[in-house]
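There are 2 protein chains.
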Amino acid sequence: MIVDATESDSPLLEDIGSRSGVLNDDEMDALGAVWEEFLLLGPEDSGYEFLVDRVGDRVSGFVCYGPRDFTDGVFDLHYLVVDPDSRRQSVGRRLLRAAEAESREAGARMMVAETSTAARYAGIEDFFTKAGFQPEARIKDLYAAGEDMVVFVKRF
Amino acid sequence: MIVDATESDSPLLEDIGSRSGVLNDDEMDALGAVWEEFLLLGPEDSGYEFLVDRVGDRVSGFVCYGPRDFTDGVFDLHYLVVDPDSRRQSVGRRLLRAAEAESREAGARMMVAETSTAARYAGIEDFFTKAGFQPEARIKDLYAAGEDMVVFVKRF
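Quick mapping for you: the protein sequence lines, in order, are chains A and B.
For the first sequence, our numbering assigns the number 69 to the initial residue and increments by one for each residue that follows.
For the second sequence, our numbering assigns the number 69 to the initial residue and increments by one for each residue that follows.
It is worth saying that the hints were derived from the structure and are not from the lab.
You can trust all of the hints, since none of them are fake.
When chains are identical, the list treats them as one kind, so a pair holds in a single copy or across two.
Straight-line Cα separation of at most 25 Å, PhoX-like style, residue types lysine-lysine; simulated pairs:
id, residue 1, residue 2
1, Lys-198, Lys-222
2, Lys-208, Lys-222
3, Lys-208, Lys-198
Isolated chain A, as found in the complex (with noise of 0.2 Å):
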């Protein structure tokens, strides 16, 4: 069941972050910093939110999201984190539709996840033009020599 993140979710998000194969220590540093963030002030305030999907006491994996700045009506999907013992379970297709779900109710028109080509993110274009996105903008080399920034858009 695909429910709002709570403070006590808090070490099962850093388990399934670290655990992920997805995020360097960079990106879990960040993914820590907005957590706290939200925890702090709270969704309106921080501009992130976090949805779970919980059965029981076990969550199988996570998605944050939230308005850009400077925008009117885009949300960011800033993390989309699957328990890699919950692959092939759809959770990652459930936490995205949920996501997009929420932002449209809060008034979001388009949807937009920044994405690199490194290899440990193989799969993902097809995750995303299956869900309904497509691949707007390239910078090349952005994140390194090889690895391109691909910013995946979806319009409501």
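Got chain A; can you put chain B on it based on the hints?
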């Protein structure tokens, strides 16, 4: 002369920013937050550098830039603002050139400037392409309906 900004420049930067006609209220707020962080933490820890074009007590423009999170050797050009009374004197060009030179010295292999197609930014494409930047990515309607984001990139 282009030199590092100091705390005493606070009122000048706010004055130039508000009279520039290019920064809206949200962007002025964000500039204020960035400037506070720069003063509080210093360039290293804040990740922001500010340079001003100063003649005597007078400042005719400023530039803010710094390393982009999650990238290796990419610097963002965050702000480049010229006093409307000092236009057509190459202030912007000199500030940009100084920011590029300092970034290269700090290891930049690329500089990135996210800009808007809003009317108040008219002429920016001409300015950046003359400075050797290329429009490398565009997201339609990102800032608002009819206001695209255009990302200019210069590789060193």
